[in-house]
Each structure stands twice: as structure tokens, then as C-alpha cells.
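Number of protein chains: 2
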Amino acid sequence: MSRPPLTVAAAQMGPTQRAEPRSRTLARLIALMEQAAARGAQLVVFPELALTTFFPRWLIEDREELEAYFERAVPGPGTQPLFDRARELGIGFYLGFAELTEDGRRFNTAITVGPDGALLGKYRKVHLPGSFEPRPGQRFQQLEKRYFEPGDLGFPAFRGPQAWGRPVLGMLICNDRRWPEAWRCYGLQGVELMLIGYNSAAYDPNGGDAEDAAIRTFHSTLSVRANAYFNATFAVAVAKAGVEDGAGLIGGSVIVDPNGMILAEARTLEDEVITAQLDFSACLQGRGPGKMFDFALHRRPDQYRRIVEQAGMTPPP
Amino acid sequence: MSRPPLTVAAAQMGPTQRAEPRSRTLARLIALMEQAAARGAQLVVFPELALTTFFPRWLIEDREELEAYFERAVPGPGTQPLFDRARELGIGFYLGFAELTEDGRRFNTAITVGPDGALLGKYRKVHLPGSFEPRPGQRFQQLEKRYFEPGDLGFPAFRGPQAWGRPVLGMLICNDRRWPEAWRCYGLQGVELMLIGYNSAAYDPNGGDAEDAAIRTFHSTLSVRANAYFNATFAVAVAKAGVEDGAGLIGGSVIVDPNGMILAEARTLEDEVITAQLDFSACLQGRGPGKMFDFALHRRPDQYRRIVEQAGMTPPP
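Those sequence lines, one after another, are chains R and C.
Just so you know, we're using the working numbering here: the first sequence kicks off at 227 and counts up by one.
Just so you know, we're using the working numbering here: the second sequence kicks off at 227 and counts up by one.
These are calculated hints, taken from the structure and not from any lab test.
Any given hint might turn out to be false.
All copies of an identical chain are treated as equivalent in the list; a pair is satisfied when it fits inside any one copy or across any two copies.
SDA-like, lysine to any residue: derived pairs with alpha carbons at most 25 Å apart [said to hold, decoys possible]:
#, residue 1, residue 2
1, Lys371, Ile256
2, Lys348, Met539
3, Lys371, Ser357
Just chain R, same shape as in the assembly (with noise of 0.2 Å):
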């Protein structure tokens, strides 16, 4: 039986200021949402963190203040309206924000909704870039080590709904779209769909680091392109972006193939949704019965230990 096609939108965010209103942030989202319903999105992706300014960015000593960065439900007071619109819409979405547990503990973490209201699935983000210590003397920090723990759900593939062709799908945060073992541990779950959303600097804002936005982007599109091509799989990898207090972040965001073709690619820095239609049985090219990356034929985990068994670089002598 043949399966129906998927329609896609990424809903790349302009930058969202730490003095907006989340009646506004939500107003943001709902819009985008819109927009993506109307050019007959089934599933729209958001970025991280998307219900805030990217607050890793400071030391925040205050318990208070940093928890209000935090969601304590989802949905909750500050997001029932998106899940509310997106029920009427009958469309899914990746969300992801900032959770706080009932025992507090923090993480990075995004959800799948279903086009029903159902919670298809929840990750958290496995690879916190930064660090927990402030860095002396500079004024924008990366904290992510210190405001979140790493992900403690693995790497959990799930299926879509029939209506979506019933798709395995996949959940990415950020910096892990860099790590092929992260798209890996999807990988060897069959993944067809990976979605991804993201805040990445455009530059140093400190100053100390030569690279700007060009490279950063190019990184930003070669790791989901690569890894989209490696695990013969869809990617939507989505930003914030744009200027956000101060500090540049890059846009980029694309809709992938499985060959790592690009079928759609956000053009500017602003509230943008690119959209694209998906045909599941193109990741068959790649993952086949006797073709490239036929896993089960050509893999050879008994060769990969070192991956497992050391985090670190050690170099021979």
C-alpha cells in the first residue's frame, strides 16, 4: 500500500527579545502556524527554545529569574493557545522551550504534537554545548552546561499518525545535529523524518572568534544535509534568528532529503515558513534491500567500540 505524502513547513523565528511579551511570542508562533496551515502544512517545526530569548546567554544567579525561562507544564498557561489553534487547524507541531520538572531538574527539550492534540513524543537535547562555569570578563556566556542537565531519554524514535503515512520521526535539539551519533541512534530505529530546531550563534558577540555568519551556516547546513544523507532520511532543521539583545544568531533553516538535496530554504533573519512536500519512499534509494546503506548488510558494530567506550581524543603516541 502506497503511502501519502507528507507536507512540511519549517517556521523559522526572528530574533524574540527578552523584553517580549510571551502574548506576543505566542501571538509570533500562532501566526506562523497559520501561514504554514494555509500552504497545507500537516506538520510545522519550531526552533528551541522557542518561547524565549536564548537566555544561556547570561549568568543568571537569581532562581526566580532563571525559572521564568522555564515551562513547569506544556501545555501551560504561557503555550495552551498554540495547542488550542493547532487542534483547529488539525496540524503537528515541534515545539521546543525550556522544562522544569515537578522535582526541578531543567532540560532543553522539544515535543511532537499530533494534528489531534496527542503528545507523539518528548527529547531532550543530549549534547549542551558551553559551559557551566561563566566565562571571567566577557559578556555574553553560553550556559548551557550549567542552566540544563544533558538529555536523559536517549535517542526515542516514534511513529507519526496514519494520516501522515505513519512515519518514524526523530528529535533533534541544536548542536546535537552536529554528532552523527546522535542521528545514528535515530538512524538504526529506521528514522524518515528528523526534525530539528535551533538557535546558533553568527559570530563570537565577544569578539574573540574570527568566524562569521557565512561559515556558521554552511557548518549548519552541511551537518543536517550529510547526516540526512548518511541515514537516508528527511530533515527539517529550523531557526531563531536574527539579532536577539545584542547577539547575532544565524537563520538557514532547510527542509533536507534524503539524498541531502535541499528542497526549501529560509532567506532571511525574520519570521519566515518555508514548506515542502514529502515522499517517504525516497528514503528507500538509500536504505533498501542490498543498497548503500542497508545497515543490516553493511555495518560492522563489532569495529565501533571506541565509540562507547571513550568520550574523549586519545591520540596514538
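Following the hints, complete the assembly by docking chain C onto the known chain R.
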């Protein structure tokens, strides 16, 4: 103490027809090596199975006929002049060849030889594509799984000599370059320069698959660029190219930096030398302390167990 730059060459080969005598192939290899040396190269990388046509495209049932494609010793009668000339020139080289061991085992092998003729490293291809059984009724086969055992040496990184700045070197062969596991096993040993030879079909010579040379060359280059970036390493990937015994091979030999940027790229499907000068300090932008790919800081091996615990895909129900 700052390390000297290393000038490397990729010596792409045009096709080597079945009827070409070894003396002719050796003369081509030596000519390429001389060109590389004349352009200042200290290390030249030749393709996979550089001494013969890509014989796994045929079912060869006669043992003697098959073993004629294999080297019993390297250097040996059919390769000694290349070793001699390399030593005269003071140039190191990577050479791919079919290896027949004393006890009759067969591998798809590469070695790297230092500027003084010393064997620096040896690698046996882990990811053998194709099939063991011939596909009935097809003019061209891909029988690497029949003619070779999977490599049994792991992914053994090694150091180059003092004159090269003692870089950590790794070797892969052809299809290996598409497997991020293989690169990561070297990345975890601190590889700074990956050497790769390949013979990759430009299209399905039996006409059953629509992929063309453009997309296959894109996939080859994408694999090298992305994995070089993910592991903050330079890479040299070198084709045997052109129409060989009626079957097309892609070219697209490249030298890539740790940002995934192309430093040099072959333009033909013929014998062609490209060179680049490598500054190994460029690896530190990716892997230095606190950087994006500071593995010890950011990798989470406890989350990657699926990579070694299963070979094939196991989708969710």
C-alpha cells in the same frame, strides 16, 4: 613549538583497463608521483585498488585468474619501482591494492609509506559494498563481499614522521568514507589528516538505477566535507575515474580542510594531480579546549550504545 606545514597531493587516476600491463600502470603511478613531488608534495595519495582495474565488477570463478589481481607482498615484483622512486624523491605515499596474505586471506587494503620508505600504517577496508552472490543476468557485478574479507585491523591511527609535523593520520577506503562511525573511530584517536582512495560507480552500469554522476560525485564530496568537519580533520579523497572496461567511475578527488572547505578539487576524469598545503593548527578551531568538538567535554558515550549493539534498523512498532 609550531609545526611545519605539510604539502599533500591527491593523485587521481583515469581508468586502468583490464588489458593494461602492470608496467604501464606503474609508469603512470610514478609519473603522478613525480608531478606531485615537483609541486612540493611530501605525501601523495593514490586511489583504492590503484594497481588494477576494479575487478569486483566481474564474477571470476577461476582462482588463478582472480589471484592475479592480488599482491602477495608490497613492495613486491609489481610495485618495487614505485617504492624505489618514492625513496629517491623523499616523498611518502598512500597506495590501495588487493592483498593476498600468506595464509590465503584476501583484503581490500591500503598502506601509507613514509618519505624514507618505512611502512607507517596499514588498513583493511571495513565497509565492503556489493554482494557475495552474483546478481543473475547482470553484465556488471559488485562482488567485493565475495572477494574480500571485512577488514580486521580496526581503524588504526598512526603518526607521520617529524618532517611532516608528526600529524595523526588515518586511512579509509572508498565506501568507508560514507560511514561516520569509521571517521569517528579515527576522530577519537585525534586524526588530523584522513587519507582515502576510492573507485565509485558514476551510474548503474546495468541501467537499473537512475542516479547519475553528478549526484554520486555530490555524495562523495558531501561525505568527505561533513566528516572532516565533524572530526576537525583534514582529508584527501582520491578517485580512480573515467570509463573503465565499460563501466563509469566518478572523479571528484578533493583535499578538504577541518572546516569542510575544499582546498583543491580535480577537474577531469583522467590522471591529474592536485595539491594543498596543510597547517595542522587549523584542527584546533574545531577540537581545541572548550570548542564545539572538544569530545571529552561534549560527547555522551552512554547515550550511543545502540551504535554497537545492533547492525540493522529496528523501527518502532
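I'd like to know which numbered hints this structure contradicts. Please list them from smallest to largest.
Of the numbered hints given earlier, the structure breaks just one, which is hint 1.
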